[in-house]
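*Asks:* The chain contents come next:
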Amino acid sequence: METLILTLKKEIDIKLEADVITPDNFAGKSLEAIKALSVWQGPNALPLGDFFEVEGKSGNSAEETFIRIKGDASRIKQIGAGMSAGRIEIEGPVGMRVGAGMKGGELLVLGNADSWAGMEMEGGLLHIKGNAGDHVGCAYRGSWHGMKGGRILIEGSARHQLGGGMDGGEILVGGSVQHFCGIRQNGGLIVVKGGAFRGVGVEMKGGTILICGKIERFSPGFEAAGKETGLSFGELEYAGEFKKFLGDYAISKRAKGVLYANAAKNPKL
Amino acid sequence: MAGTIVIKNGYVFDPLNELKGDVMDICIRDGKVVRELSPAESKDAKVIDAKGLTVMPGGVDSHSHVAGAKVNAGRQMRPEDHYKTNLKKTELTHSGSGYTVPSVYKQGYDYAAMGYTTVFEAAIPPLEARHSHEEMRSTPLLDMGGYLVLGNNWFLMRYLKEGELERAAAYVAWMMKTHKTYGIKCVNPAGVENWGWGENVNNLDQANIHFEMSPREMIKGLTEVNEMLGMPMPLHLHANNLGHPGCYELTKESLKISAPVKPKQNLDIEWAETKMDLARERSVYLTHLMFNSFAGTSWRDCESGVKDVASYINSVDHVVIDSGCTPFGEATVMTGDGPAIHDLYTLTGNKWSNTDIELECGSGVLPFTYFKSNPVHSMQWAMGLETLLLIKDPWKTIMTTDSPNGGPFTKYPEVMTWIMSEAYRKKTFGECHKWANDRTELGGVNRELSLYELAILTRANPAKTIGMAHRKGSLGVGADGDVTIYALDPQTLNADNYEELLRAFRHAAYTVKAGEIVAKSGEIVSVPEKRTYYSDVYVADAQEKDMLADVKEWFKYYTLGFANYPTPEKYLENPTPIKVNQES
Chain U
1 METLILTLKK EIDIKLEADV ITPDNFAGKS LEAIKALSVW QGPNALPLGD FFEVEGKSGN
61 SAEETFIRIK GDASRIKQIG AGMSAGRIEI EGPVGMRVGA GMKGGELLVL GNADSWAGME
121 MEGGLLHIKG NAGDHVGCAY RGSWHGMKGG RILIEGSARH QLGGGMDGGE ILVGGSVQHF
181 CGIRQNGGLI VVKGGAFRGV GVEMKGGTIL ICGKIERFSP GFEAAGKETG LSFGELEYAG
241 EFKKFLGDYA ISKRAKGVLY ANAAKNPKL
Chain G
270 MAGTIVIKNG YVFDPLNELK GDVMDICIRD GKVVRELSPA ESKDAKVIDA KGLTVMPGGV
330 DSHSHVAGAK VNAGRQMRPE DHYKTNLKKT ELTHSGSGYT VPSVYKQGYD YAAMGYTTVF
390 EAAIPPLEAR HSHEEMRSTP LLDMGGYLVL GNNWFLMRYL KEGELERAAA YVAWMMKTHK
450 TYGIKCVNPA GVENWGWGEN VNNLDQANIH FEMSPREMIK GLTEVNEMLG MPMPLHLHAN
510 NLGHPGCYEL TKESLKISAP VKPKQNLDIE WAETKMDLAR ERSVYLTHLM FNSFAGTSWR
570 DCESGVKDVA SYINSVDHVV IDSGCTPFGE ATVMTGDGPA IHDLYTLTGN KWSNTDIELE
630 CGSGVLPFTY FKSNPVHSMQ WAMGLETLLL IKDPWKTIMT TDSPNGGPFT KYPEVMTWIM
690 SEAYRKKTFG ECHKWANDRT ELGGVNRELS LYELAILTRA NPAKTIGMAH RKGSLGVGAD
750 GDVTIYALDP QTLNADNYEE LLRAFRHAAY TVKAGEIVAK SGEIVSVPEK RTYYSDVYVA
810 DAQEKDMLAD VKEWFKYYTL GFANYPTPEK YLENPTPIKV NQES
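Protein chains in written order, with my numbering: chain U, 1 to 269; chain G, 270 to 853.
Since the hints were made in silico from the structure, they are not lab data.
Treat the numbers as computed from the prediction; the structure is a model and nothing was measured.
The beta-carbon is built from N, C-alpha and C at its ideal position, and this holds for glycine as well.
There may be inaccurate statements among the hints.
Taking beta-carbon pairs under 10 Å as the criterion, some of the chain U residues facing chain G (in silico) [unchecked claim]:
id, residue
1, Gln41
2, Ala45
3, His160
4, Ile251
Working from the sequences, and respecting the hints, build out all of it.
*Replies:* Given below as structure tokens:
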């Protein structure tokens, strides 16, 4: 695998729309050709080379291309959007929509990720070492279909509407989440190691949510369906006792969602 | 010289002039088709070498939802329809976005890129006429007009109930002028008024709430008024009971209502020279026939009823239809038929918008996706094509998708290819649910339309049907210089090679509008001015005065004042009145 290093060379004021930064777009291109790719900043399309030093070499295909991004990328949006293969490693924080619609490959963020990480993702691995913002793996505004496949791994915590409208794939959160986790979920798996707050699984029609911590303000449309000890989903295993709920029956009586809550942390449920 | 061009040596398909691929030159001077250019004019004229290419009049869409409140509601409620489909601004063109409900600029460019030059908005509620005109004015490259929704109008229901046809006619004439609209649209007659009370009507003789008017009385009355006034187009009917299993029977019965009324178009205009008689022959123009042709009793046992309706239409001369094809994929359903959209809402649970328009009508909007895996959707795909293939006379059919109800107009190339290529239909049968084959007749149809017939379905007949053939839909002397040139050689055309057809229809080699090249292989190269047409219908002063006295009295039920009701001409780009019912 060949490595390309993009080093940010100036502070960014208006956020960059940098969906060109993918192994797919860089593969087989010379450094000059990569620098000439255009990114949007407000109403202007500018060459990538205006913002980054580009060193190294691209691979012949996306699979053989590894992109490392150095510097504060927190005002750069859409890195890795739609990528199908290869690797991207972002050494610090990153802006909105990182890995949105990605179909394959690996995208690693060492810092925090802003909102809409892995939005409508279809495949591959999005690994965020820090925290994530709102709408992780979620559907775009107005759409009811979010992430379809792949895995999002967040070591820290995430905020609101994680996995909204999710159809498939997995989102694993090391920390906690805030409001409306798994809203309108249709399929796939969400696991939250910490707690969740209000609206967990509301209007879900399918899929599974597992909350290992405490759920504050449990959603009213779920029905209790007993307890299970020790859960496993493929290679993922979770020890302990869990209360099982089915729903969300608040709107549809045909809903098939499954919600597990840690029994010890949620004695009143 | 602007608007002057010679299109040389193309194969010309101009059905209104009975040209079936004749090799000839088309000359246009100052935006109008002429017999020839003088040597001096020829020297300055632009020339397109169309040798080996197909030349047709510019495309005419007689039924598309492109402007006004419900289209905009569709845009507002569907950000997801916009974020993946967008258009970069250039020195010449605006930016834009949207797939099923594109922004106004984008829809103008997209139509022009496919070779269309004229598009009529399918439904303008009177109260939303200003909004509709604002959007039409901002839609570039297309000559436009729109139909006024009158099938549940309080004034007309009252006048027709009391048998006051003269008053009803005076009201329609005044409304056309007031709102700068073109023809009468009748959506779920008598039923939309009931929707204000959470009800609908179930048959043609059910009297509605308060007004006690039945669908049959509304259709009959409006057809009569239409012909009393000599309107350019037939009554434009969106029949009752749309989208329900078993609705085809009612559709057939509805069409029979207009049969006794003789078409009597009365226009005072200059007519382009054509071989065919341009006078209107139809008294009813039924829209999106597919949606009104379900047989069966439920979504489990439903099947296509198109064959039956088609055989009725084959046996009569007063009916013309457009298809309302559903080419699979994303759509946004939007119609003045509020209860029909509510049914789709209960079926899908998708987000839903509904509006009641005071004394006039209503509407509903909902995102919808047609899946190849879905049995009913697959059947609908086949039914849409059946409407165009089982009705024998192409002069009774018009190709549409009821855009964006069946799918966006940008899917026309697929529909055009399906009706021209059995091989392409077979390919789609192989990809979709077996109901497409099992529940319709389409699998047994081997008819493949010729380029000449396609020109009828997409240009000549929509123009003739709506009374615009005096300047649109033909290349006769005096017609507008609107031309589409497709990269198709009729000599070597092979309908089995459907990829070639799709390519050619997606991006016309050239689109010429009033003698200016506006699009070249899909790229917009100039943006000249456009026109908006409306019917300027005459009625005697005394008749109008009497009617207005009554209208002003009832205006107290509106939330706006009478003086603010009309749409001034300044809302239109190049307003072009069509003189109707002039005193002889």
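*Asks:* Output the indices of the hints that this structure fails to meet, ascending.
*Replies:* 1 and 3
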